[in-house]
Every structure is written in C-alpha cells, then in structure tokens.
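Once you have looked at the hints, place chain V on chain Y.
The listed protein sequences derive, respectively, from chains Y and V.
Just so you know, we're using the working numbering here: the first sequence kicks off at 21 and counts up by one.
Just so you know, we're using the working numbering here: the second sequence kicks off at 495 and counts up by one.
Keep in mind that the hints were calculated from the coordinates and are not lab data.
Just so it is clear, the structure is predicted and the values come from calculations on it, not from any experiment.
The C-beta atom is built at its ideal place from N, Cα and C for all residues, glycine as well.
Misleading hints may appear alongside valid ones.
20 Å max Cα-Cα, derived SDA-like pairs, lysine to any residue [claimed, not checked]:
| hint | chain 1 | residue 1 | chain 2 | residue 2 |
| --- | --- | --- | --- | --- |
| 1 | V | Lys829 | V | Ala734 |
| 2 | Y | Lys92 | V | Ile499 |
| 3 | Y | Lys194 | Y | Gln125 |
| 4 | Y | Lys194 | V | Tyr539 |
| 5 | Y | Lys194 | V | Arg532 |
| 6 | V | Lys683 | Y | Ile191 |
| 7 | V | Lys829 | V | Ala772 |
| 8 | Y | Lys75 | V | Gln638 |
| 9 | V | Lys769 | V | Leu757 |
Among the chain V residues that face chain Y by a calculated CB cut under 7 Å, a handful are [said to hold, decoys possible]:
| hint | residue |
| --- | --- |
| 10 | Ser531 |
| 11 | Thr555 |
| 12 | Gly588 |
| 13 | Val589 |
| 14 | Gly594 |
| 15 | Ile596 |
| 16 | Gly598 |
| 17 | Ala610 |
| 18 | Gly612 |
| 19 | Ile614 |
| 20 | Gly631 |
| 21 | Gly635 |
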Amino acid sequence: MPSRPHMNPYLAGFLLGLVLLATIFLTGRGLGASGAAKSGVVAAVACVAPDHAAKAPFYAPSVGEGKPSPLKNWLVFEVAGVLVGAFLSGLVSGRLTWKTEGGPQVSSHRRWLFAALGGALFGIGAQLARGCTSGAALSGMAVLSSAGFVTMMAIFGTGYAVAWFGRHLWIARKGGQ
Amino acid sequence: MGPLIPLVIPESLDLVLALFIGLGFGFVLEQAGFSSSRRLAGVFYGYDFTVLRVFFTAAVTAMTGVILLEAFGFLDLTAVFINPLWVKPAILGGVIMGVGFILGGYCPGTSVCAAAIGKIDALWFIGGSLLGIFAFGEAFGRFQAFFTSTARGPVKVFESLGISMGAFAFLLILMAVGAFWATTRIERKVAGEQAPSATFRSMPHVLAGVGVVLLGAVLAFLPDHRTRLQRRVADPAFQAAHPVPVMDADELAFRLVDRDPTLQLLDLRPAADFKPTAFPGALNLGAGDLFTREPGVALTDRRLLKVVVAEDEARARQGALLLQELGYEQVACLKGGWPSFAHLYLQDTPFVPTGGREDATVQAFRESARVQLAALIQARRASEKPAAPKAARAIKGGC
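If we strip away everything but chain V, and leave its shape as in the complex, we get:
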C-alpha cells in the first residue's frame, strides 16, 4: 500500500527520488510552455489560456488518480501529507502571490524552468523571490501571531462542503471541462488566429472532454474501498464462506498468563472500556484504524497471532474478517466477545461444573489465572505514563 516511502522504498532513497521527480516535473512544465512569462500572463488577459488548461488538467488527473488508488486500497491517504489550512494567512498569502503573478509573470516553479532555458527575466524573478523570503524571515517575529492564526488543520475540501469525495471530484471535473470550453471561446475572440487554441483539432478534444465527464460520473458513484469491505464482511453469506478461526476465553487466558510472545491482542472496544482492562501489549484500535498503516508490525508481522477482541463476537469476527480481506495473516477472533472472557476471568464468577473429567483442572486454572491476569492489568497501568498525549505522526510535505 502506498505511499511507498518509507515502508517499501527506504528513506535513504528519498532525495534521489526527489531529483528524478523534479526532472519529470521540469521537463513537462517546459514542454507545456510554462517557461514563457508572456504565455503565463496570458491567462489573465484572455490571449492565452495555456496555464488554466495545464494546471486544471494536472490537478484533475492527480486528484482522480488519488481517489481511484484510495478506493481500491492501494494508497493510505492518512499517510499522505494533506496541506493544513490557516485561513487568513492562506488568503493573504494568495492575494500577495496574485499581485506578484501580474507584475512578475512567473510563479516560483515556472521561473526555475524559464531560467533553465536562458530567460533573463526569470533570473531577476528568482533573485527577487530570494530577497522577498529574506525580508519575510527578518520581519517574521512581528507577525508570527498572524502566521499561526485561524488554524484549521488538514481539512479536506469536500468535508468542508459536506459532500462525498466522489461527488466533489465530479463537480470539479464539470467545472474544468466547462472552463476549458468557455476560455477557448474567449481566447479565439481575443487573439483570433494567434490563439494557441486555433490549432486544436476539435474532434479529439470533444471526445476527451466527454470521456473525462463520464469518468467523473463514475467517481461520483464509486463506493469507497472502506464501505465496500465493511459491507462485505457484514454479509452473513460472505461470513459463512470465509470462516475465521476462533479462540475461546480459556485459551486466551492461558496464552496471556503464559505471556505468549506470539500473541497480539487487537481490541476494538471504545477506549473508555479498553483502558481499565488493558493487558500488556494489547492495542486499542478504532474500526477505521484497521485500514491504515498506523498499527504497523502489530498487523504485518506474520509470526504474531492477531486475536481480535470486541464488545461481542459478531464485531470481533467482522474485524478479523476485515483484516483477512486486507491481506493480513494469522488472524483469529475471541469467541463470545469480551463479555465471555470478562465473565470468566475478571469477575468472581462461581465455577459451573460441566461434569467432565477435567473440571477440577479447569477450576484450579481459572482461579489462579484470575489473580495473575489482574496483576498483568496492574502492571500495564503502572508502566503507562499518566495521560501521555498521542504524538502526532510527522508527515513531511509542503513548500
């Protein structure tokens, strides 16, 4: 599952990769004509809408790719850098950049492209931007408060608008295709024969536009990966066809008391229920965490027997089945859910003889295990630092 760095591709190759990615970025920008300030500025005067075409197409392409990769489980979006929003600095910064665009005719990325092929004005632009950053850095102390004001965190645009990711993508695609059509008409009116779009053959462009809109419609109705899997594992017919190994309370207690190093408890109960009865090494996960790479080796280590615990057996079974469907191995669920285990081992329940030959052994084990399990819970509580806040994962990115 992507992103491939650092789990599949080692971190040490990060910078080498950056160089090659930049190479592709620079080549495509230059081929698109982004090394020409006259062409870039044209988007604001109606004589050349290349910037809008390239920029909007690139954003839609990458966004569609991200949505499709995520929908089919190839990309963990929680491990991808989502630009956090500081409302006022983002707007004011954008306004200043907008004025800079009109005066300078470049943006930072395109100025590098232009300088690479010998544009002297681009060198002046780069010099100016270095000075601008220096001035910003020197004055930074005075408006630091503004810089960190109106923080909203890494919010996603479709969440802010209250619609689904796919529906938003469809709307954006419609807007893009509409803008392509409208700006081409404007461009031909303003620049006539000189318009870049005057050389476009209309048939392939119309076909591509229709195709993209159809793809957008598919995106709008694509059930996402999570909902699809969750629906599947909740389906009784699917459950019958895909049995999950079960572990009963006695075996779990035995392995816990035995401090079995290959046992990994995955507890899906709410944190408030989990905390007072947490065993050493047990992980408390929300149902959504199973889809991310957050649990790490607890899920991926094949030597570990992952026992899923939940409020009841049905939920534990669905959790375990979900893990199996996601490709994790050695998964089991607790028979009878947490209550059956708590009933036998955490509460003082009198032993109910079954009349079997092993009654005495079982009774003796349960009584001694009760004491040892209580000690284990105590040990975990003692080892835990009081109210340690969950350290934020550092996802690198941004300018």
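The shape of chain Y in the complex, shown without the other chains:
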C-alpha cells in the first residue's frame, strides 16, 4: 500500500496548537492521555475487586455508591476520539497496516518487551507527575504553568541523559549489518 509522506512538522505543530487552544477556550482544560488509562485501571479494579477498590486510597476517590462510572470521564472520551482520529488519518494517508516498528537491529519480541517496559515506566511516571507528555508537559506549557515546564524538562532531559544506554534499541551498531 503506498503511503503518503507525513505532514510538515511545523504545520502539524501549528494545527496541534490550535486544537489545544480550542480545547482551552471551549472547556477550560487541556488535552491529556494517561488519565484515560488510569480511569480504565480504576474501572477494572472496581469491577473485579469492588471491596479493595473502595478501601485503597488510589481508587477510593473515584468509585463508590452514587458515583458515575470511572469510564464516564472527559479524558476517556477524548482518547476514544484520538483512536478514531488517528485511524481516519491512517486511512486517508494509506498507513493502516499491522506491523511492529523498532530500531534496525531489534527483533520483534525484544521490541515488544521493551515497549511494554517503557509503557509500564510511563504509566508510573505519569501518575507520579500527575500527567504525561500531553496532559502535563504540552497542556501545562500552553497555560504557562511551572508544572508543565518542570515535567517537560524532566522527561526530555532524562531522555537525553539515558539515550546512550538505550542506543542499540534505536540505531544500528557501528560496523554491524
């Protein structure tokens, strides 16, 4: 399937900025992503072990009698929209295909393992920082909050600091292949 090239990044950034600005102007809040995953986890725990969910301090505030389902949440609906929007974009640009993507010398199984590991760390970090790259860093920066800039610098600063250790995951070994 011939796929079209990606959009010019500055144009895409400008459009993304407009989406974020519209979100702030309409709803008084920014974009997010990791919050929806949290809602999913809370809903699952509340479904499987309701007693535990009612007692544990992480879940208790969002579950209980008379409270709407944790899935009836702004970010859950927004992320559902992200799924549809990205699918439509992949459809019009011919990029819909099952595939595993990673560095040039990484087997699929290795890539899956590290993806899951990275996901786990992102899940923990985003809970701790009360937001991920979208909710804390990007949206936080747009409203000029110190939290947004601190989180952004911590994420990308650490990324550069540890990039060397993970280089074989993404770039070819010298002299290899």
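Just chain V now, kept in the frame of chain Y:
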C-alpha cells in the same frame, strides 16, 4: 468570555466535545508522524527531530493564543485549569517517563495513535502502561506522603522567574526558533539525505521563523487587558466622556431599608473594612475580581442595579466605569464614597438643616433608617457562619 463551558455551552455537552477534540488531536498527531516509535525516538539520537518541531510549535502556538485571548478579554485565565506543581513528584515522575520514552519509544498519547493504525509494539506499550498504573495504584498507600510533598499550587512559570508573561513568551519563542535551526543542522549531519529536514524548502521556513519572532516581540510589549482598561478608566478625559450614574447616600439608604430586590451592592473596600459594616447581599470584591467571572449573576443579571462602593467616590467611579467597559449594564457608583454614607447613616451625626421644605422628612427618615440599617448589619452578621473558609472552585483538568 471563555472558557465557554459551563456558562455558554452546557456541561452536558462536555463529553461529546471531548470526543470531537480527541478526534482532531489524534488526526493531527498521526499526520505529524507521531504514530511511529522510530521517528519519536529519533529526537534523542539526532536522526529525526520531528517530535521537537511539532511539540515546541504546538506549545508556542497554544501559549500565544492563550496570551492574546487573555489580553483582549476573551478568556478568563482564572477559570482555566493551571496544572498545580508538586516539585519532587513532578521531577521524579518526569525522570521515570524519560527512561520509559527511551525504552518504549512512545508516550501515552502517541501510543494510542500508533495502535489505531495497527502498530503492534504500541499495543504492548499500552498494556505495559496499564500494568504500570495498576502497580502504582497498589503501592500508592506507601508513598502517599511523597506524592503530596513539596506542593506549590498552580504557579505560573513567568511568576516564578519574576518576569512578565509577554517577556517570557518572547524568550520561549526565541528558544524554539533557535532550537529549530540548531536541530536541523544536527539532523542533516547525522542522517544526511535521510533527514526529514532534507526535504524542507528553506525560504518559507526562514520567513515563518522571522514572522514568529516578530510576533513574539509584539507579545513582549503588549500591555495586558487589565492594565490597559485600568489606565483608561483612571483617565480624567475618559471619565468626562463616559459619565457614570451616581446614587447619593440617602437613596442608597432608602433602597436598603426598603430591601429593594434589584439592588446589588458591590463593595471594593478591603475585607477588614467591609466585614463590620456588611449589608445583606452585599458583595466584597477586590479590584481584580471585576475581571473574572467569579461574581457571577451579581454582575451579569440585567435586572440588578449594581452600585459600586469604595473608600472614596473616585475609586467607586473607576470601578463602575470598568464594569461598563467590560460590558455590564445597570451600573452606578455611590456619591461621596463610603465615608459620606457612613457619616450620615452609621454614625450619630446631628442633622444639619438646609432650610429646605423637606428638612423634617429627611431628618425623620435618617433617624429611623439608622436604626433599621444597624439591624440589617446585625442580621447579616448573625446569618454568617463563623469563619467559613472560601470553598475552592473546582476547575477540572489534568491527566
């Protein structure tokens, strides 16, 4: 004035809107190439700086928009969610996410995008993040104290740095354009012909960069909406051209005693002066509150006659004029300010005859009103709960 939810757009449409906003978010992220982990990770290895370009451009665009909307009075920033800062959790969380980025090649939003177009590694990333959140939730009780430590509240970055909002925006724009230029050079060195920037035509990019820097310079010197309006209403020539209806102390006393339901007192005096002499229904506002949506119907209800009271007539007049300029209707100010009213009705001032025909009526009214007004102040004091802390407004947001 934005945000439009819940005052203009009903709260019930919030979730529907979320779906459409997400649609736009996901579409743009995918178009930008954020559905590719190789491309995302490239920012850390120098072969592809797309992430930096998109991310920085988006942040600068939204921030500039927020500043402009606020400067022209279209957006009330006090009703917008400002991410509060907990210093240590934010840094440690960011560090953990940074390691996760290198290992996983995605962040949560981009992993959803990638999964939507069939990337299997993104599904593993999402599975991992659900497990990570679950682990965090199970262990949460043990480090709850750390989670809520070093709380700073919703601080803004330019306040922490001690510069104006516009100046900060200008600096950030300069940094962004500088970073775009530098990383493009790095990218072409590392990836050569393969670099995404190898296909950029330089002329439009240079022009856009210059334009953005000029816009940033404008932002740095843009007087904000508040300062501009405050300066305008303090200008004697402007005041002469825009008369504000005045109400004298006698009329105010009469309406208060009459319990006129269309009277809304807006008191700009300091809270310490306001409290001992507060009438039922009177609102104590700081000068800054007039710009926010906090006072609610007290300002927006057209049936109410809003009488602005302050330490002196000049301040009351400026407050009333400000409300008029902000578009509120039925505004008046108290003639002579609070002292003239207090002098006649709250203190035992002997009546000074004017020699007019109505002296006797006025004197009788003032004497009886004094008693009734004192009773009204007592009634308000009695009805108020002792030292009820102002409930924090819930502004929703965050991840």
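Structure-based check of each hint:
1. With a CA separation close to 16 Å, the supplied pair lysine 829 of chain V and alanine 734 of chain V stays within the 20 Å bound.
2. The suggested pairing of lysine 92 of chain Y with isoleucine 499 of chain V holds, with an alpha-carbon distance near 17 Å, which does not exceed 20 Å.
3. With a C-alpha separation of about 11 Å, the suggested pair lysine 194 of chain Y and glutamine 125 of chain Y falls inside the 20 Å cut-off, and the hint holds.
4. Distance hint between lysine 194 of chain Y and tyrosine 539 of chain V is fulfilled; the C-alpha atoms sit about 14 Å from each other, no more than 20 Å.
5. In summary, the hint linking lysine 194 of chain Y to arginine 532 of chain V is supported, as the alpha carbons are separated by about 18 Å, within the 20 Å threshold.
6. Note on lysine 683 of chain V and isoleucine 191 of chain Y: the hinted pairing holds, with a Cα-Cα distance of about 15 Å set against a maximum of 20 Å.
7. Distance hint between lysine 829 of chain V and alanine 772 of chain V is fulfilled; the C-alpha atoms sit about 18 Å from each other, no more than 20 Å.
8. Taken as a hint, the lysine 75 of chain Y and glutamine 638 of chain V pair is honoured in the structure, with Cα atoms around 14 Å apart against an allowance of 20 Å.
9. As the CA atoms of lysine 769 of chain V and leucine 757 of chain V are separated by approximately 19 Å, the hinted pair is consistent with the 20 Å bound.
10. Here the hint on serine 531 of chain V is kept, as its CB sits about 5 Å from the closest CB of chain Y, short of 7 Å.
11. For threonine 555 of chain V, the shortest C-beta to C-beta distance to chain Y is roughly 3 Å, which falls under 7 Å, so the interface hint holds.
12. Using the Cβ-Cβ criterion of 7 Å, the hint placing glycine 588 of chain V at the interface with chain Y is satisfied: the shortest such distance is roughly 2 Å.
13. A hinted interface residue such as valine 589 of chain V counts as satisfied when its beta carbon comes closer than 7 Å to some beta carbon of chain Y; here the least separation is about 5 Å, so the hint holds.
14. Because the closest C-beta pair between glycine 594 of chain V and chain Y is about 3 Å apart, less than 7 Å, the hint holds.
15. Because the smallest distance between the Cβ of isoleucine 596 of chain V and any Cβ of chain Y comes to about 4 Å, under 7 Å, the interface hint for this residue holds.
16. Proximity of glycine 598 of chain V to chain Y holds as hinted, the smallest CB-CB distance being about 2 Å (cut-off 7 Å).
17. Satisfaction of the interface hint for alanine 610 of chain V is found here, the shortest Cβ-Cβ separation to chain Y being roughly 4 Å, below the 7 Å cut-off.
18. With a cut of 7 Å, the hint placing glycine 612 of chain V at the interface with chain Y holds, because the nearest CB-to-CB distance is about 5 Å.
19. Because the beta carbon of isoleucine 614 of chain V sits about 5 Å from the nearest beta carbon in chain Y, less than 7 Å, this interface hint is met.
20. Taken as an interface hint, glycine 631 of chain V checks out: its beta carbon lies about 4 Å from the nearest beta carbon of chain Y, inside 7 Å.
21. Interface hint status for glycine 635 of chain V: upheld, as the beta-carbon distance to the closest one in chain Y is roughly 5 Å, under 7 Å.
In this structure, every one of the numbered hints holds.
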